[in-house]
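Using the sequences provided together with the hints, build the complete structure.
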Amino acid sequence: MMNYRNIIYSLLISLPFTAHAGVINYEGSSTIGKFLEDASTVYKASTFKINTVPESAGGEQCAMRNTCDLGGVAREVESRFLENGVVATLIAKDAIAALVHNDNPVQSLTKAQLKDIFTGKIKNWSEVGGEDLPIKPYVVKEASATYSVFAKAVLDNDPYQNIEVITPDARMIPAIARERGAIGQLSFSFLVGVKGVKPLTIDGQAATVENPQYPISRPLYFTTKGEAQGEVKAFLDWALSDEGQKIVKQRFVGAH
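Heads up, the sequence shown is in the numbering used here, so the first residue is 1297 and it goes up one at a time.
Everything labelled a hint here was simulated from the structure, so no lab data went into it.
Don't take every hint at face value.
The calculated EDC-like cross-link candidates involving lysine to aspartate or glutamate, where the alpha carbons are at most 20 Å apart (straight line), are [to be verified]:
{"hint": "1", "residue 1": "1437", "residue 2": "1374"}
{"hint": "2", "residue 1": "1417", "residue 2": "1454"}
{"hint": "3", "residue 1": "1432", "residue 2": "1412"}
{"hint": "4", "residue 1": "1432", "residue 2": "1460"}
{"hint": "5", "residue 1": "1389", "residue 2": "1527"}
{"hint": "6", "residue 1": "1542", "residue 2": "1334"}
{"hint": "7", "residue 1": "1419", "residue 2": "1460"}
In structure tokens, the structure reads:
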């Protein structure tokens, strides 16, 4: 079991210091933060201070402003940041699950049905072959890339309707596990070893991060101001090595 010095709602984490190791300050995506938690158990050349409160938007901003050593963005990095000196390094590929209570008899939805649920048009599970039970759609906060990637891939950027915001992302699983009628959006990286919820098959595609046909996927990037140097470069080189990618593949599809 990983031993953290401080954990505050899984958002702001100081991992234990190693003798003579430098500290890499990370800011951004909570999804990529899960990889850093895993990596810290193996990579000892540096330690990490992880702040996932700003989510992916913060991973772009802090890199451009040079206020972090390493940013994290769980979607395509916006061109305006790349044009202002931000360098994005692809580290992995992720998928976003549509999660329901484990006792919900519904096993699959079409993407059109999923869109109608999160835009407020379908409001009862009986409309999609389930029980006569009100649907409670949960979403992560707007700053999270999960929110925007899901909106683009599923909603065609139509506005969310009839939703409840769950924050931080780590609270999504217990929220769904408590509410039989719930459905929520969450990165597959949070699903390792969890109970009480299940991902739905979408458009006939099994909900696994390894399935290239699964329709809700995204890239994961580390961001830096200019080309990485020193300890940050050493860590990125390790993360892209066979050893680092082995850790990546515990939760994601590797970058290569």
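Taking the hints in turn, this is what the structure says about them:
This hinted pair checks out: residue 1437 and residue 1374 have alpha carbons roughly 19 Å apart, not beyond 20 Å. A C-alpha spacing of about 12 Å is found between residue 1417 and residue 1454, which places the hinted pair at or below 20 Å, so the restraint holds. Annotation: proposed proximity of residue 1432 to residue 1412 holds, straight-line Cα distance about 13 Å (limit 20 Å). The hinted pair formed by residue 1432 and residue 1460 meets the criterion: a straight-line CA distance of about 8 Å does not exceed 20 Å.
With a C-alpha separation of about 24 Å, the suggested pair residue 1389 and residue 1527 falls outside the 20 Å cut-off, and the hint is violated. Taking the CA atoms of residue 1542 and residue 1334, the gap is about 11 Å. The hint holds against a cut of 20 Å. At most 20 Å may separate the alpha-carbon atoms for a hinted pair to count; residue 1419 and residue 1460 meet this at roughly 13 Å.
Violated hint: 5 only; the structure is consistent with all others.
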